[in-house]
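So the sequences go chain by chain: A and B. The first sequence: position 4 = 4 (our numbering), numbered continuously. Residues are numbered in our numbering as their position in the second sequence, beginning at 1, plus a constant of 202.
Each hint should be verified, as a subset may be incorrect.
With a cut-off of at most 30 Å between alpha-carbon atoms, the simulated DSBU-like pairs for lysine-lysine come out as follows [as the list claims (entries may be wrong)]:
(1) A:K108 / A:K122
(2) B:K519 / B:K547
(3) A:K184 / A:K108
(4) B:K519 / A:K184
(5) A:K141 / B:K519
(6) A:K118 / B:K547
(7) B:K314 / B:K547
(8) A:K184 / B:K285
(9) A:K141 / B:K285
(10) A:K118 / B:K285
(11) B:K519 / A:K108
(12) B:K285 / A:K13
(13) B:K279 / A:K108
(14) A:K122 / B:K279
(15) A:K33 / B:K428
(16) B:K519 / A:K13
Quick caveat, the hints were computed from the structure, so don't treat them as lab data.
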Amino acid sequence: MSEPFTRRDLLHKAARGTVLATLGGGAAFLVQKAHGQVVWQVDAARCLNSRLGVVGVEACRLCTTECVVALSAVRAVNEYSRCGRCNICPAYFNITSAVDERGLPSEKLCPRDAITRKPIGKADPEDPANNFYEYLIDEEKCDGCGKCVMQCKEPLGLGSIVLRIRYDRCVDCNRCAISRACPKDALIQVPVEQALRNDGVH
Amino acid sequence: MTGSTKVTLVSLVGEIPCGAGPWPGCPLGPAKGLPHIALLTLFFLFAAIRTISAQSIPYQRPVDEAPQERSIGGGYKTPAVQKPLPRSSWLQLLDVAVLAAAMGISSWLVLKRRSRKSLVALAIGSMAYFGFYREGCVCPIGSIQNVAVALTDPRYSIPMVVTATFVLPLVMAVFFGRAFCGGVCALGAIQELVLLRPVEVPRRLDRALGLLKYVYLGLALFFALKPAAARDFVICRFDPFVDFFRRTGPPHMLLIGGAFLLAGMFIGRPYCRYLCPYGGLLAWCTRLARRGVTITPDKELDCGLCTEACPYGAIEKMRAVRRNCLYCARCYAACPRDGELARAKAQLVKLS
Chain A
1 MSEPFTRRDL LHKAARGTVL ATLGGGAAFL VQKAHGQVVW QVDAARCLNS
51 RLGVVGVEAC RLCTTECVVA LSAVRAVNEY SRCGRCNICP AYFNITSAVD
101 ERGLPSEKLC PRDAITRKPI GKADPEDPAN NFYEYLIDEE KCDGCGKCVM
151 QCKEPLGLGS IVLRIRYDRC VDCNRCAISR ACPKDALIQV PVEQALRNDG
201 VH
Chain B
203 MTGSTKVTLV SLVGEIPCGA GPWPGCPLGP AKGLPHIALL TLFFLFAAIR
253 TISAQSIPYQ RPVDEAPQER SIGGGYKTPA VQKPLPRSSW LQLLDVAVLA
303 AAMGISSWLV LKRRSRKSLV ALAIGSMAYF GFYREGCVCP IGSIQNVAVA
353 LTDPRYSIPM VVTATFVLPL VMAVFFGRAF CGGVCALGAI QELVLLRPVE
403 VPRRLDRALG LLKYVYLGLA LFFALKPAAA RDFVICRFDP FVDFFRRTGP
453 PHMLLIGGAF LLAGMFIGRP YCRYLCPYGG LLAWCTRLAR RGVTITPDKE
503 LDCGLCTEAC PYGAIEKMRA VRRNCLYCAR CYAACPRDGE LARAKAQLVK
553 LS
């Protein structure tokens, strides 16, 4: 026994059809307009910590404090191919600390001890300037405080350390919380392919 | 090696912060009442020590160019920089697939199986995935803003995954009601779990508060549709529970989230019923739903246990109000004719 098809049913059906058509049409419009993913990126040219001409002031810590994930998605990256591998690295050592018996500053700069230093080849104690050292950043440990970035640039360093975003940690907020706080508008939204190209991923 | 740059530490120390003492351009030091001479002496002593130590070890940058593998020699290999990639498109598709599957399972569990236990299990699973693993992004509630901006701003586009996340639960609602709210939404699940002693909200107050979500929806659209520079995504910024999923957040939001959870122990799902803007959209779609939670009249029994069991005021005059029904299946669980109680009885009968 089937119930009679009433005017109410017809209205219901028509309304449902309209809603579905609207949703479908809207979705189709958005899909044909879709340009793929965009991601947030730190523009090193604008970032206060890596910008030339700003030396010796406290590093800007907003990337550490403002990010919405527990350990900030911003981290310091040492582009090893540009690293000077200096004997006394101003980003590894706190070069204002007292000098110890080896003639090296006694304190490290990184508050999370994320940078390691090891000699490349055999270190010659007589000729410290010509010994090379490898400085590896444990990027998983880094919280992007920017202290090392502030130090590693002209005239002290070669500017090999920059702040970058870990895309595995970034949750890709609609409006990045760091970008709201950044005084230099250094966080920009770019298409994912461009972001990876800028980060040196081919 | 070419000429090296010499920098003394004086230039490195830079400006000494104001708090350290009286300073040109700074207010007087921290203790204004103390004898200034003593402070000044101390300060100059401090400065002198700094200068001496600064002069003793000039910082010297040994190189002007980065040494490369060839110039270093000895088979040295430049280490690789970590380059974590964004979530791959396959995994993003997986999110949409999980969303669709969870909604399907949610409606099957409620409409067919009528099992509250399984539904709670599903809700916990969804909370683990969308809440703790995906850290609350991407979610249909927030996607309202992206969709609105993408529809109006010709230069703004959203990935297909976001479009799908927005549309799927609405399409589901047109056919089966708010299956998304019951077993899929992470924000719903966390509130469902803290609801210990439901208190009935007076119907008129409930209705009035229910209008708030449309006000919130309007506000969210207002801020999202501003020109690009002033655009703000308030739904995401003031999401009360996402900070628990991320286990970090600004103190005021943690406080608000805590307050919602505390209130949620007595008032069933306050965010879903009174604030969730997506809940408002789902409610409208659900009015057209083909199927949904139904309470069928019974010849012998109209006990009203289901009305008592419903913490969301979604059962009026012993009939389910589908647009308010949050798919928790409490009514089925409480029904002596149906659900788990009836099944348990049937088992007892079999045993005896």
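Against the structure, the hints come out as follows:
1. Taken as a hint, the K108 (chain A) and K122 (chain A) pair is honoured in the structure, with Cα atoms around 23 Å apart against an allowance of 30 Å.
2. With a C-alpha separation of about 27 Å, the suggested pairing of K519 (chain B) with K547 (chain B) holds against the 30 Å cut-off.
3. Restraint check: the Cα-Cα separation between K184 (chain A) and K108 (chain A) comes to about 28 Å, which is no more than 30 Å; the hinted pair holds.
4. Distance check on the hinted pair: K519 (chain B) and K184 (chain A) sit about 60 Å apart at the alpha-carbon level, beyond 30 Å; violated.
5. A distance of roughly 59 Å separates the Cα atoms of K141 (chain A) and K519 (chain B); the hinted pair therefore is violated under the 30 Å criterion.
6. With a C-alpha separation of about 72 Å, the suggested pairing of K118 (chain A) with K547 (chain B) is violated against the 30 Å cut-off.
7. Among the hinted pairs, K314 (chain B) with K547 (chain B) is consistent with the structure: their alpha-carbon atoms are about 19 Å apart, no more than 30 Å.
8. Distance restraint check for K184 (chain A) and K285 (chain B): the Cα-Cα separation of roughly 25 Å lies within the 30 Å cut-off, and the hinted pair is therefore satisfied.
9. Distance restraint check for K141 (chain A) and K285 (chain B): the Cα-Cα separation of roughly 15 Å lies within the 30 Å cut-off, and the hinted pair is therefore satisfied.
10. With a C-alpha separation of about 22 Å, the suggested pairing of K118 (chain A) with K285 (chain B) holds against the 30 Å cut-off.
11. Taking the CA atoms of K519 (chain B) and K108 (chain A), the gap is about 72 Å. The hint is violated against a cut of 30 Å.
12. A C-alpha spacing of about 52 Å is found between K285 (chain B) and K13 (chain A), which places the hinted pair above 30 Å, so the restraint is violated.
13. Among the hinted pairs, K279 (chain B) with K108 (chain A) is consistent with the structure: their alpha-carbon atoms are about 25 Å apart, no more than 30 Å.
14. At most 30 Å may separate the alpha-carbon atoms for a hinted pair to count; K122 (chain A) and K279 (chain B) meet this at roughly 15 Å.
15. Restraint check for K33 (chain A) and K428 (chain B): satisfied, since their Cα atoms lie roughly 20 Å apart, inside the 30 Å limit.
16. Taking the CA atoms of K519 (chain B) and K13 (chain A), the gap is near 26 Å; set against the 30 Å cutoff, the hint holds.
Consistency note: the structure conflicts with the earlier hints numbered 4, 5, 6, 11 and 12.
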